[in-house]
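Novice: Generate coordinates for the entire structure from the input sequences, incorporating the hints supplied.
Here are the chains, one letter per residue:
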Amino acid sequence: MTVQTSYKLSPATKSSKNIDLLKEPILLRLGIEHDDLPSELSNAVKILGFEGVKDEAAIFSDATGGKTEAFEAPLCILAVLLNPAHRGREKRLLDWLKGRGIIEEPVILEWRTGKEMETAGVLIRKLSGMLVSDARRMVKSNRELLALRTLNDNLQNRFATVESFIDRKGMQPFELAFSNEPVTSSSRSNVLADASFDGVSQVLPVASAGVSAIAIHFDRLSHRDDATLNAQLVTMEDMAIVESWVIPLGKLKHGWNYLGLSRTLAGLRRTLNLRVQVDGADDELPLLSLGGLQPLEMFQVRDAANDVPLLKNSLAIQVWCGMPGVVLPSWANYLPAQSEKVREGGFREMPLASGILDLATLANTNEISFEFAAILPLPEEKAVGCHPPSTGMTIGQIPAACPPKILRISSDVVVDNEESQDVEFAIVVAASLENARPLFAEQRTVDPGEGFSGWVSIAPGENNRISAFINDQIGVWQNIYFATRMTTPGDNSFAWAKFRNVSLMVNG
Amino acid sequence: MDQLPSGEEPEPRFSPKVAVIIPAYKHSVLLAEAIESALAQQAPFEIAVLVIDDGCPFPETGEIGRTYAMAHSNVFYLRKANGGLSSARNYGIEFALRNFDGIEAVYFLDADNRITSTALRDILAFMKADDKVDWVYPNIDKFGIEWNGNYTTQYSRLLHLTFDNICEAGSLVSRRMLDAGIRFDESMTSGFEDWDFWLQAIGRGFLGANYPFFGFEYRQRAESMLRDSNRTREGILTYIRQKHKKLFATETLLTWEHQEAPRYAAIGMGAYAVDMFTDPTVDHAKCSLEDFVTRFWAAKTEPETFGVPPFMLWMTAAHREALTRLGLIHNLLWLSERIAEKHHFVAIRFERNNARMGIDIRTINDGEPLADKPFGWMCTFDIFSTCADDTSDDWIRSLHKAVPSPNVVEIVVSGPFTAREMQSTALSSTNALLATLGALRDSGYRSKTRNRWLWRSVYFPNRSRYFELLRHAVGARPVMPRLPQASNPLRVGFLLPIASFGGVEKVAYAVANTLKNAGCEVHLFLFGKAIYNRVPENDGVFKSVNFLSDDYPLWGGPNKFAGHDLMMGHDEAAKAEQIMGFLAGLDVVINNQVAPVNALLGDLRRRGVKVLNYVHVLDKSRMGRDAGHPYLTLAFEHVYDAILTCSNDMVEWLHGMGVPIAKLTHIQNAASYALAAKERDTILSARRIKSQRDKLNVLFLGRLDAQKGIERLFASVRDLRERGEPVDWKIIGSDVMDAGAGGSWKDRFAEIGVQVEPPVYSSRHLNKAFAWADVVVLPSRWEGAPLTIIEAQRLGCVPIATAVGAVDELIDHAVDGLLIRSEDDTVIIRELTEAISALAADHDALQRLSEAAAIRGGALAWEESVSPLVKQLKAWFPDRLPQSVEQAPKVLEQTVVPISTSRIHRVDVEAIDEDQEDRNEITEIRPLQIAAAGSANMNNLRN
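Chains F and U are the protein sequences, given in the same order. Numbering follows my numbering, with no gaps: position 141 of the first sequence is 141. Numbering follows my numbering, with no gaps: position 853 of the second sequence is 853.
Think of the hints as simulated: they come from the structure by calculation, not from any bench. Among the hints, erroneous ones may be present.
Below, in silico cross-link-like pairs of lysine-lysine (DSS-like), each with a Cα-Cα straight-line distance of 30 angstroms or less [unchecked claim]:
#1 Lys-26(U) x Lys-98(F)
#2 Lys-126(F) x Lys-98(F)
#3 Lys-286(U) x Lys-312(F)
#4 Lys-126(F) x Lys-448(U)
#5 Lys-405(F) x Lys-128(U)
#6 Lys-26(U) x Lys-312(F)
It should be emphasised that the depicted structure is a prediction, and the values quoted were computed from it without experimental measurement.
Specialist: Printed below as a string of structure tokens:
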């Protein structure tokens, strides 16, 4: 037999006070007016009156007599102060709590004038009991940590022994796990040239665990010595950059080029995405080889900027695998990664998603207005346009876009029209516009959790990257503010100022 | 002393968009890991983390919950009395809806699982990007016992119902689903409550989608609640199937197959377009040939993720439409599918025949080559896929030849195709097939390496084989690809052994016509010879005509009941799965004397189909024992929702034999064909002015066999001729070779100077015969409620008949006909002779009887007779039949059956060639049934 409950949908009663009961310890009073309790007590802890139960909800009253319905048991009831004249009424409260799975009943104290110290003593006893309990838990946790550290040391030593043995014997595997061979075609285009500034991306057909190198294939190379090939390996399930390469084009060779990882990937298996981009060779991009036509759209080579397939082919790729967690064998002829693996802890540079940039709006609407959108998300460019006024500044905002544990926010800044005058750019991380304004005005220094990049002047055609470092970390999400102003107030025609490729550096 | 600061700044209101609901029960330590993974979310919106302590007996759960709730403003620790996983999740949902106005979605995270830090940001964005996505479910990435399962394929309700719960509870659920009242079933405490949750959502029209990079991490240990659930899986599934009966109904699953994994790809000839459908008469997906080629190679590379229809058809849209017009398209697809699974290719050819529709199946070989260019081809994806991989063309190119190298079966569809429909197209279907193959082979997508690109392990079945999931779910193979129409009329199937001109067919057609006029969609299913002899009056009555076209016994079986051989569902010869597929998608079946199908009606009924049995006549064995379908009715009485009879006599017999009266419905027979009032008046007027001096015209109409009392008739004719009575005879009927009678009855009648005329079937010829006759004689040994009596009476032709079966329910002796009540042949012959002689001599008596007969015969109408059945159907299906029909005034005195609109467009009666060799299949089925009857030693099993 089905006994599915029928539900009233979204009852009307909503109260933040109700939620407050779930966030902090409280005292309950029963048959006692709030003003009858000493102010020292009500200043020390939140005290609510229990008024009864109606339709499964308990009714609580606050200091002003305002009533709140609560459907859930309060998080922590330190004690219930009971007027002796109302003895017996506490049963209703206890029954209601029991119905919510509260097994341990709260302490019931009869409140009598002149016996305040007695009550305080009971409370102190309870609190000290909790302290002792917490202390014991902490000690227990420390012991468990110690055991885990010891275990880790043992494993580390054993692993080292195995590692040296394998190294000595030359037994370390380095095997081709997947190969998508290059296909030649006279009509094929240069996929790097067709892609946006961010280059191309390719989802890999092999799980992350065990991957030690990715090979890409070039049909033709560029001879620009100052140009570099930038590659990143990102895990799709958590968007973590697990490896990066910055390789001068001069080091590349015709045919297969092996991008070796600092260590063979270990841990849970994830989907890998390879991003490839070339810097400084706009006029002579190397010809990255393609595999055959790919019927699975997910695996077609894509524009890294907007994740749209560029062609119906996959990149010509090879995936090489080895022993998880160890460096590649010395005989493997590979191009080393730029950085040590940062997957477990350390710093990670994370791009701000295009979807978040879409949320950008004008913040200082009372100060400036244009006939067009002053703040204009440009998802195709992974950018936000921020048009400066002739005088003053335009401030854009992205609410709650800056998570805790952020060390730095960075952005490319450009003036995307040759006819424009120079423009100044700045970024602030703050809790509100009111907090951001004095930072932009350089009237105060940053508080904990805030950041300010300072103003940077950019001429048309220049490309610079500005960064705001966060001053101490606080555990809350902050807003991102970005602003532009004319370096020389006056003519703001064609001032197509853009913040592009915004990224956050995360700790851990 | 510290004091709480007074006059604090009000903190910004906490307004989460997503609530993570974590039920906690005995996972007190791992709970912290789940909470941490929720707190680690990097998202540009606020997230509430709700820990629901479901009365966990471990104090540690409370300590951890309380600690996190105090330490983090967005963590809430909620306690409740133990009620199970469902109630805990529901508790969290209610809390979220009650307290957070801005909630857009909830995420269910079990206390021992985790999500990656970008999961909620990405999946909420994924869900919001498509308003057709109501929940987002992950691939399964297990840790502990490590396993990664690929769940990435377009969401399929068919898969979700028939394969497994493909949506992990750890999914993101949209606010609109919660607002629609979808909750976890709190009575389900043994697992699969999440499966039920999704089924509720499906039932309300919500759809899920997989996000391939979800970031869900499932902790798999050797023992878990899921493992416990799998131990009791069948019990839980029974509960789920019962609860969601409508979702598991065949028509629902068929509809999803059509939408999600269509069974047939019809590749256009010359148009480079591909239609993909299960039912071609319903709106369906189309794509270009290029897209199809891409899908084909994607399906070859990742068959669990991508699919193409498993059966490929090359036939023009015009030819498909011709089959649709004749009501044959579904049957043809069903037959082709059945055959394509056992042979390489199926060739389809049309033959024009205005007299009948039929199916002929021929295996092509040297002795029986392809007669002409096929109108269409069908093969399986597997065969075509093999051909695409093959480096040589020789084998498949031989399809151009009269005897191709592949194993080919030809289906010849005969019917009243128009001349235009018979014309071949500029591009032959064989060329289209080979051109498709060329397109696939030359495609750049063709992969030589066959590398798999998806790295997660295969779990789902092959996407191109979902039709097998459907088959398994409905216990049928293949499943008739017929979907309900948009208006969802009540679908009634009439099951018949053959479709000739017998009384059983005529009654079935008349009842079908009446049900059609009442708003039903009626279909005809023929289990015997695959020929439907067209009756022009019935054109347009049946939405479809369906031929089983298989070696199927029409009588008999290895089991016994009251001296009758019968079939049971488990007998191989019952072909249970095939018959279930043949009859799939009906709301009601009315079995009209198909004996072995009784064995499967119980299965149909369990699937929600209403099952009716139509009983006509109690037959006699050769030794004179009562036998036949009424006894089978007793054997299978349990499975019938209702039993229809054509006489009160049969009602009383069945009731007397133990059938509850509530199950019995008497449908009074009426004339089997409509007659215009003017035509009837003309005939009756002519009869009134007939001269008294004219001879008495006597008619016999029927089979020349023992049941019809042919020896009695012969003796009476002989006697009357010897006495020189003024009687003219017209004997119309099919001759039956009867060894006992000493040869052909036709010859014997000729010897006494009476020529037997061939049978007549059209209303025009029947009217002509009845108009000629003053008297019709039926000296039968047993009968039901013969239509001949009613049709004769309607035109003032006086019946003289033996009072067997329900004959005395049709004739009031000496008022509107004459009854002979004896059972002795000698007495019957004498009384028949005397009655004819008396009427020949007494014109006034004849006139009086004629007038009364005309009134009686004209008063009967099928609308009136069938009304109890219509009423019953409305009671069973209150929303499926138009109520207006019931409210329409009943024409009790109606003398002419109204002509339905569909009858206006009849093919001219003259088009039917009545001299076809198979016009009298009654004679063909008799020996078959007699042989099969075994112990019953049946003489005749038909009315």
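Novice: Hint by hint, say whether it matches the structure.
Specialist: Here is what the structure says about each hint:
1. Lys-26(U) x Lys-98(F): Distance of about 19 angstroms is within 30 angstroms: holds.
2. Lys-126(F) x Lys-98(F): holds (21 angstroms)
3. Lys-286(U) x Lys-312(F): holds (21 angstroms)
4. Lys-126(F) x Lys-448(U): violated (75 angstroms)
5. Lys-405(F) x Lys-128(U): Holds, at roughly 27 angstroms.
6. Lys-26(U) x Lys-312(F): violated (51 angstroms)
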